[in-house]
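Engineer: Assemble the dimeric complex from its two separately framed chains, guided by the hints.
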Amino acid sequence: MNGNENDTFSKLILIIDQILSGKRKINPDISGIENCENEKLKELAEKIVFLTEQYRESYGFILDLAAGKLNIDPPHINAFANPFKQLHSDLRHLTWQIQEIANGDYDQCVSFSGDFSEAINKMIEALRERQVLADRNRENEYLFRSIFSTSPDGIIICDLDNHINNLSNAARKMLQFTEDGNDDKIRFVDLIIDEDKGKGHWFFEELHKGTPTVFAELRMLQKDGNWFWSEQHASVLFDSNGHPKGHIIIFRDITERKAGEEQLLKFASDLDESNRTKDKLFSVVAHDLKNPFNALLGFSDILLKEASGNQNIDKIKKYAQILNDSAKKEFDLLVNLLDWSRLQSDKIVVSPEPFDLNELIAYNIGIGNTTALTKNILLQFANPGNYPIITDKAIVNTILRNLIGNAVKYTPDNGTITISILPGDDTYQISVADSGTGITEENIKKLFTDTAHSTPGTNNEKGSGLGLVLCKEFVNKVSGDIWVKSVYGQGATFTFSLKNLK
Amino acid sequence: MEEKDYNFSWDQLGDIDEGRPNLGSKTSVAVYRLMQYTMRAVLEKEYGDEQTRLMLVQAGRLAGREFCRNMLDTSLPLNKFIAQLHDSLLDLEIGVLKVEKSDVENLNFIVTVSEDLDCSGLPIKGVTVCDYDEGFIEGIFSVYTGKKFDVKEVDCWTTGERTCRFSINQIT
Ligand SMILES: [Zn+2]
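Here the protein sequences line up with chains A and B, keeping their order.
Reading the first sequence from the start, the letters are residues 1 to 502 in my numbering.
Reading the second sequence from the start, the letters are residues 1 to 172 in my numbering.
Incorrect hints may appear among the rest.
Quick list of in silico lysine-lysine cross-link-like pairs, BS3-like style, CA-CA up to 30 angstroms [claimed, not checked]:
{"no.": "1", "chain 1": "A", "residue 1": "Lys446", "chain 2": "A", "residue 2": "Lys266"}
{"no.": "2", "chain 1": "A", "residue 1": "Lys122", "chain 2": "B", "residue 2": "Lys101"}
{"no.": "3", "chain 1": "A", "residue 1": "Lys42", "chain 2": "B", "residue 2": "Lys101"}
{"no.": "4", "chain 1": "A", "residue 1": "Lys69", "chain 2": "B", "residue 2": "Lys152"}
{"no.": "5", "chain 1": "A", "residue 1": "Lys11", "chain 2": "A", "residue 2": "Lys47"}
{"no.": "6", "chain 1": "A", "residue 1": "Lys122", "chain 2": "B", "residue 2": "Lys125"}
{"no.": "7", "chain 1": "A", "residue 1": "Lys47", "chain 2": "B", "residue 2": "Lys125"}
What follows is a set of in silico ranges between Cβ atoms, one per label pair, in the way DEER data are often shown [said to hold, decoys possible]:
{"no.": "8", "chain 1": "A", "residue 1": "Asn35", "chain 2": "B", "residue 2": "Glu46", "range": "42 to 50 angstroms"}
{"no.": "9", "chain 1": "B", "residue 1": "Gln51", "chain 2": "A", "residue 2": "Arg130", "range": "18 to 26 angstroms"}
{"no.": "10", "chain 1": "B", "residue 1": "Lys80", "chain 2": "A", "residue 2": "Lys122", "range": "17 to 25 angstroms"}
{"no.": "11", "chain 1": "A", "residue 1": "Glu5", "chain 2": "B", "residue 2": "Glu105", "range": "55 to 63 angstroms"}
Calculated from the structure, these hints are not laboratory results.
Quantities reported herein were computed from a predicted structural model and do not represent experimental measurements.
Glycine included, each C-beta is placed from N, C-alpha and C at the ideal position.
Chain B with its partners taken away, still in its complex shape (with noise of 0.2 angstroms):
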């Protein structure tokens, strides 16, 4: 999964602080899951339901790398890396990340989401919906670790779980 060339900024996000003084940084959950579903549905009619998945991994990966990029420290110690991620997704409220199992030595790793931005509270619809979040969470490690990561969402709130679990797992 090469990094593709982009036509993204970290800027194009603005100066939210200048920009929404009164309303601040914050917005609805509704809000957001209004925006990504309504884009996956034009997305599917126009494209079909698994170039759609794809496209939401590949702007997850983009995300990812440049949340690490611009947000996060790359210089800690593994473990104290993923503090780090745990209390800026906490800070951001896009979930509770808890980690289940890791195998630092071959950089494996089985990992939760609670109370996800995009599924917690969806329908169970028996697969799992947070493609975003592969990507997202695959952008990150790979940043991190200069490393090639493959990303799967395991479980899902739509999958009947309580929580996301990921598994990630280093391509060697």
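Isolated chain A (complex conformation) (with noise of 0.2 angstroms):
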């Protein structure tokens, strides 16, 4: 071995110490080379220059990698950095996989390292799960959100104090709050009628002890001072941990309803009325149908007895009489009776024709006479004239019937009925006043509803109350009205009115 191979040799075992001392800038000296002439020892100097390089430039590689430098370019055909490039390549792909699912992809599946993987996909997974809570929170709100603003029924969602935190559009139509109107200090029991509002605490504290919805029917007020009825439904809103957090209501305007309602029950309230009216008027009838028989049948008994024995004319005259006055009240009570039912099922038809109250007065007069001048009763027209008309001949003469009758029959002996007429525009009012034993103020009020008040006549004559009745709806068919004026024990005055139906 001469000098210059030692020399050589000497370089090298530097250049090996320095890679063996993990020293990083080696300087591979091997100055002189070319004079050697041992092409073998020649080609292991380049050799090991080759690896001193390939050793620097995996070394830097590695340093870059421990550093977390990704984002370098990896040695190209390196021995030496070949798994380090395995790390990187592997390491550069999880860091893809990572900004991948940042930007939402939860598709990744990370396979670096078994347990690093694991926990990574796990946490993939929660945060898969967590979009999918995410989309259907929002699914769930924009469907809340929809019927919050298009639900025809008023929404209020309010804290646990009842403090309004939210109205719904149709909420807010209904009680007449502006949209840009500052509604935070409103508290629910604030829309609800002073009269309700202890339903409206109930309300609430039925809610607080656990009724899951509760309902109710309140008034509630507008802006503008009105209220309106209103039927609620009202749930707890609880927070995502399940603790109670609020409350929503659900109303509606039920005003119409409530209005039908109770038009319902009074129509019912009327029916009953009216069932118990015939059923007492029934009664009554069936009784005053049965009485006039009592005498009719008793003294045509003793009028046979009497006429086949001892011929006594006077006698005989008086039970006649009796005959003849039982059968006229018979047979007035049987005409309006019939006219009665008539009425109740709708069969008498209206129909106007042109003729002179004068007239129909005139003969109603003659015909009460008959019985007036028994009581020595005057019984007087106080202003006879030309009173024409149209409307429904045979009604205006029940209604006259019934009336001169009832003042015939409640007059005392001696006394006065006058009939007057008081022509108007295109009407007449006619009255009939009696010097009778007048209506008490409580009888006056059921007079043409109710047939019970019948009261006996002054001769003890029995009446069915019916007349009265009678003429309230018959004056009522014809577009009159009826009323009277009495002060008990000073007579009554009965005044209708008529008008010309064209």
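Structural biologist: In structure tokens:
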């Protein structure tokens, strides 16, 4: 070995020592190699230099990798670096995957290093579940918002103190809240009228007790001070931990329905009342129909005996008179009853015709006089004249017959009954005033609706009370009205109005 | 790289299910490589190394285009498309595709394919051999994006790596 070879070996050993000592920056010095004649040694030196280069390159790469610099280009064809290139590649792919996950791609599945990838994949799964939940929440929120804004029922959301947080469009409209109004300070109970506030408090107490939904009908106030009937359903709202956080109230305006219900109730009560009236009427009528027959049968019996016996003409006359009176009463009652039954079954058709009221009044005075004269009652027409009218003559006749008949019945002997007529513009008012017993205030109220008030006449005449009820219904048929003025003990004045029916 | 009018259609692959009711659609990697490397040896002998390399790239490109048209859903967004490509390369046992970098804006990517069908386990010889794969990837990306790409295999099993690395760059 010559000195030149020795020198070369020393230099190569120095290079290898540097590599073995872990020195990073190695400057392989093989100066003078060109003078070396040993070809094998020259080749060895060149390979050691190349090795040094690969070592240096991989050392730098590994340091970069250790420093987390993934964005570097790895050495190309370097056996030292190869295992680290695999790590570098895996880390780059992992970084890319995490970037993709960050962008919402939860389909990534990490395979880098067992425990690590398991943890990351669990995290991805959790993120995916959260995403699904978030999507569902968004959908639910959208659904809720569209219900909230489009529901025809009003929706109110309150906190637990019932301060209003949110009003749906329909609720705002019903309560007359403006779009931009500051409604924060309003409590739900402030929207309820005073009379129903107690019910409103009960409403929420029930919810606090744990009743899932509570129902109530409350009157709600509008901004303009009016109120409306509302049907309310309320439930508790819970937060994500299941703790109550407020109330949701869904309500609708039921004012019309309420009115309908009230009308129905009134109708039912009217119907009930009218049924009771009829029941009473029938019992009275049955009684009244029977009574005259007692007289008819009893006195006709006596008359039969008298007529075949001692021929006492005065007695016979007296009995015949009683028979005649009874028969008349029976007849009057039957006529009224028939009229009334026709009225009830709506069989009476109003047929207007022209006639003179003067004649009809005179005619009825004539009929009334047959009884009035027996009581020495003065039955007079105060102002006869020409009173042409177009209306239903038979109906007016029935009214007059009943009013005059009643007056005669309730006027004591030697009394006065005055009929008068007051022409108006296309109308007439006909009054029948008597000097009879009069009517108590209490009875006046039910005079035209109730048959049970009937009091016996001055000669203890029985009445069904049907007459005035009939008058009222008849006069309404011809678009008129009937009323009475009376002070008890000082007689009564019945007046009815008529108008031309064209 | 215009798409040439090759006399190829997907149905030339035939009805494998009908044709191989017992043996099925799979074969051995060795058989695949036997065909590729004997073909390669003959072509290199006839046309020279560089010409052979180019022919393999062209064949891969044709395969990639047809594969993309017939096997992949090109309506997917890029990230879903890559996931789909990953899954189908795995299903077909071609290799494990991993993205190292993606610049979606400029359509530049670096991907690796591990356990590559063409090269993994081959003797190291200092040059990359997955020429067919270069064309295959290029064909897929150009059909999916409608753009032109330059695909280079940077590292290969045959250059001493454990995985093949491809740079995919849009040609602007
Ligand atoms: Zn390769």
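Engineer: Range hint 42 to 50 angstroms: satisfied by the CB atoms of A/Asn35 and B/Glu46?
Structural biologist: The hinted range 42 to 50 angstroms holds for A/Asn35 and B/Glu46, with Cβ atoms some 49 angstroms apart.
Engineer: Holds or violated: 18 to 26 angstroms for the Cβ distance of B/Gln51 and A/Arg130?
Structural biologist: 56 angstroms, violated
Engineer: Is it true that the CA of A/Lys47 sits at most 30 angstroms from the CA of B/Lys125?
Structural biologist: With a Cα-Cα distance of about 18 angstroms, the restraint between A/Lys47 and B/Lys125 holds, given a limit of 30 angstroms.
Engineer: Below or equal to 30 angstroms on CA atoms is what counts here, so check A/Lys11 against A/Lys47.
Structural biologist: It holds: about 13 angstroms lies between the C-alpha atoms, which stays within 30 angstroms.
Engineer: Lying within 55 to 63 angstroms: is that true of the beta-carbon distance A/Glu5 to B/Glu105?
Structural biologist: 60 angstroms, holds
Engineer: A/Lys69 and B/Lys152: Cα distance at most 30 angstroms?
Structural biologist: 23 angstroms, holds
Engineer: Mind checking the alpha carbons of A/Lys446 and A/Lys266 for me, to see if they're no more than 30 angstroms apart?
Structural biologist: Cα-Cα ~18 angstroms, so holds.
Engineer: May I ask you to test the hint 17 to 25 angstroms on the CB atoms belonging to B/Lys80 and A/Lys122?
Structural biologist: About 22 angstroms separates the Cβ atoms of B/Lys80 and A/Lys122, which means 17 to 25 angstroms holds.
Engineer: Holds or violated: are the alpha carbons of A/Lys122 and B/Lys101 at most 30 angstroms from each other?
Structural biologist: Measuring from Cα to Cα gives roughly 24 angstroms; hence the hint holds.
Engineer: Run the distance test for A/Lys42 versus B/Lys101: straight-line Cα separation, threshold 30 angstroms.
Structural biologist: This hinted pair is violated, its Cα atoms lying about 43 angstroms apart.
Engineer: Is the straight-line distance between the alpha-carbon of A/Lys122 and that of B/Lys125 30 angstroms or less?
Structural biologist: 42 angstroms, violated
Going through the hint list in order, the structure does not satisfy hints 3, 6, 9.
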